[in-house]
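S.K.: Those protein sequences? They're chains R and S, same order as listed.
FYI, in our numbering the residues of the first sequence are 1 to 359.
FYI, in our numbering the residues of the second sequence are 360 to 718.
No lab work stands behind these hints, which were simulated from the structure alone.
It is possible that some hints are incorrect.
To be verified - Computed list of chain R residues with no C-beta within reach of chain S, every gap over 10 Å:
no., residue
1, Ala42
2, Arg45
3, Ile158
4, Pro186
5, Gly188
6, Asp206
7, His245
8, Arg252
9, Pro269
Unchecked claim - 25 Å max Cα-Cα, derived DMTMM-like pairs, lysine to aspartate or glutamate:
no., chain 1, residue 1, chain 2, residue 2
10, S, Lys403, R, Glu95
11, R, Lys44, S, Glu540
12, S, Lys559, S, Glu657
13, R, Lys56, S, Glu530
14, S, Lys561, R, Glu60
15, S, Lys415, R, Glu63
16, S, Lys527, S, Glu581
Since this is a predicted model, take the numbers as computed values, not measurements.
Positions of the beta carbon are idealized from the N, C-alpha and C atoms, including for glycine.
What follows is the residue order along each chain.
Number of protein chains: 2
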Amino acid sequence: MEANKGKGEQGMQIPGGQMDRPVSFHFMESMLPKVVKRRVHALKRLQVQCAHIEAKFYEEVHELERKYAALYQPMFEKRRDVVTGTVEPTDAECEWHSDREEEEELAEQVKEKASIEDAKKEEAKPEEDPKGIPEFWLTIFKSVDMLSDMLQEHDEAILKHLKDIQVKFSEPGQPMSFTLEFHFEPNGYFNNAVLTKVYKMKSEPDATEPFSFEGPEIIDCEGCQIDWHKGKDVTVKTIKKKQKHKGRGTVRTVTKQVPNDSFFNFFNPIKASPEGEMDEDSEFTLATDFEIGHFFRERIVPRAVLYFTGEALEDDESFEEEEMEEGDEEEQDDEGDDDDDDEGDTNKEQPQPAECKQQ
Amino acid sequence: MEANKGKGEQGMQIPGGQMDRPVSFHFMESMLPKVVKRRVHALKRLQVQCAHIEAKFYEEVHELERKYAALYQPMFEKRRDVVTGTVEPTDAECEWHSDREEEEELAEQVKEKASIEDAKKEEAKPEEDPKGIPEFWLTIFKSVDMLSDMLQEHDEAILKHLKDIQVKFSEPGQPMSFTLEFHFEPNGYFNNAVLTKVYKMKSEPDATEPFSFEGPEIIDCEGCQIDWHKGKDVTVKTIKKKQKHKGRGTVRTVTKQVPNDSFFNFFNPIKASPEGEMDEDSEFTLATDFEIGHFFRERIVPRAVLYFTGEALEDDESFEEEEMEEGDEEEQDDEGDDDDDDEGDTNKEQPQPAECKQQ
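Isolated chain R (complex conformation) (with noise of 0.2 Å):
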């Protein structure tokens, strides 16, 4: 509201427009004398000029981010060891001091019931030494909640396979882009031992619209073939209908498959189209799903414990709230909004110049 303070008295103002809005700046613009305007066209030329060093700037953050990830390698390696049972940490290695004052206070809370639900357990005794650590990507699917809303109870069983994620950056010299690799166990769904999306992204400013440019952007994804035993495969479902014959009046029974929700439609992205002549459902879908991609690059391949134990996912809370939009918003706004006006929420809006992180 404070943005054009001032302007109005230079009679500056647009008929019935906004005075808030960028509009009456280009008006503004339009207004300044010509030797002026014609001054701000070079610093504009200038900008674009910016635009393109900017470009090269995030070609080489992606370089290094590439050189990084040859340094996080080994203890992501040693991740998927500890979590498929591949390896038992020594003592040393799992030597971790916990809050303990939290960690009374909350066994306090729950002695009652946890040992009710100890003494179940004890009668269930499903696994005595369980390997690993069990379901440990399956429990992040369910906690997050842009991955749990994809999820489908049939993609569970799934899921327990799942080894690891990881992400692998294209190469030097290539177009931009990075891929999610999925690492099964041998199961009973499917062949493959990996599946793969990648992202395919654009490092530099559209011609038309040079000032538009904020860094590499997601602009298209591709899935791969999913080799599905017979009948395991859980992205369609077999119905049954009754066919009416026109002339005859028979009556005959047609089986048909058709599209199922399940997280695995995930490596059967529908096609970005060039030029805006995708309608807003496919749209809307298309952004999701480079959310997602981001969201697993960005946050839970390189933190998958923190969500696995859930200590990432208050930190997250912003970042989830785009997602919100079509599930059960109301319940978490709330929350959320509510809690911005805070004193104690103050500090969630210091900014962190983290020069190399979105959200």
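Based on the hints, put chain S in the right spot on chain R.
M.R.: What follows is chain S alone, placed relative to chain R:
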């Protein structure tokens, strides 16, 4: 709300606890079999190692920013010269293809009013041949909410003398920081040619909270002494106060200098105190100051002309919303929040996986 889907069934709900709060995950963790919990701790130790690698990554990004600052430099110098009128750009340097349709439409809208205004201007004829781009930076200060909130009427005359704002990064091997330099032409207000504000940053995981690390963070800032001409200091005002002598009953008038609202208080920020010893107001003030410093560095300086023309203001709506809370929140909210439900805004939600933008 989906976060804990399924966990309730396994008896993991804390009595009275909220299912979507991380606390329930914490609890879950503590309910894990001991051997599994041990392995989770091993993963957490790996995660701490990753956080330290990430810190190095951000240091390298900072280096990259230093490198690119040098590449932007010629463009920024040219910008300064055009703004101040030191250099007149050539015709080729000023060629700009505006969106004709938009321009014509606007022209139509304002033709009538404009002609009246033009007539008025013709009479006034303040300067036939303006130098450079008059009030370039002042216009930006007026246009950006975050800055206009600080701006007082008495600041405006001073900011007309602002020639340039530059960002300088700390040298390699030095503690990470950046300095905002405000370059002024000789003026009747103070002797400094440059006013500076240094923002000190930290790019390492906190020992007690390693997982909260998200990249470099501003931790402190330092202003500079302004060498005001006598009687020109707009950051103080003189008030007269009547004092009555207790014994004699005589009244005398004393003058007293008290702080005055001004943008120039930006150069005399409150000091960050080490550990939570600040009251909420001070914390909020400092957090806002950090945000403004970050905004100068990330947005205003790199793309000043777009704030001058207003073109950047639209993109920054989300950035600026953070600043709305104390001001004219409702009015803005009506437009901002409602827009989010528009189909047309779907694109905004598309993640821009800019490896190097935070927003």
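S.K.: Do the alpha carbons of Lys44/R and Glu540/S lie within 25 Å of each other, as the hint requires?
M.R.: Given pair Lys44/R, Glu540/S holds - Cα atoms ~22 Å apart, limit 25 Å.
S.K.: What's the verdict on Lys403/S and Glu95/R, does the C-alpha distance respect the 25 Å limit or exceed it?
M.R.: holds (9 Å)
S.K.: Check the non-interface label on Pro186/R: least C-beta distance to chain S beyond 10 Å or not.
M.R.: holds (22 Å)
S.K.: With a cut-off of 25 Å on the C-alpha distance, tell me whether Lys559/S and Glu657/S pass.
M.R.: holds (15 Å)
S.K.: Decide, holds or violated, for the assertion that all CB atoms of chain S are farther than 10 Å from the CB of Ala42/R.
M.R.: Non-interface label on Ala42/R violated, nearest chain S Cβ at 4 Å vs cutoff 10 Å.
S.K.: If you draw a straight line from the CA of Lys415/S to the CA of Glu63/R, is it 25 Å or shorter?
M.R.: Judged against 25 Å, a Cα distance of about 15 Å means the pair holds.
S.K.: Is the Cβ of His245/R farther than 10 Å from every Cβ of chain S?
M.R.: holds (43 Å)
S.K.: Quick one: work out the minimum CB distance from Gly188/R to chain S and report holds if it exceeds 10 Å, violated otherwise.
M.R.: Non-interface label stands for Gly188/R: nearest chain S Cβ at 22 Å, farther than 10 Å.
S.K.: Does the alpha-carbon distance linking Lys56/R and Glu530/S stay inside the 25 Å limit?
M.R.: Status holds; Cα separation ~22 Å.
S.K.: Lys527/S and Glu581/S: Cα distance at most 25 Å?
M.R.: At roughly 14 Å apart (the allowed maximum being 25 Å), Glu581/S and Lys527/S satisfy the hint.
S.K.: Would the non-interface assignment of Asp206/R survive a Cβ cutoff of 10 Å against chain S?
M.R.: holds (12 Å)
S.K.: So is Ile158/R really clear of chain S, every C-beta pair being over 10 Å apart?
M.R.: Per Cβ check, Ile158/R is outside 10 Å of chain S; nearest 15 Å; holds.
Consistency note: the structure conflicts with the earlier hints numbered 1 and 2.
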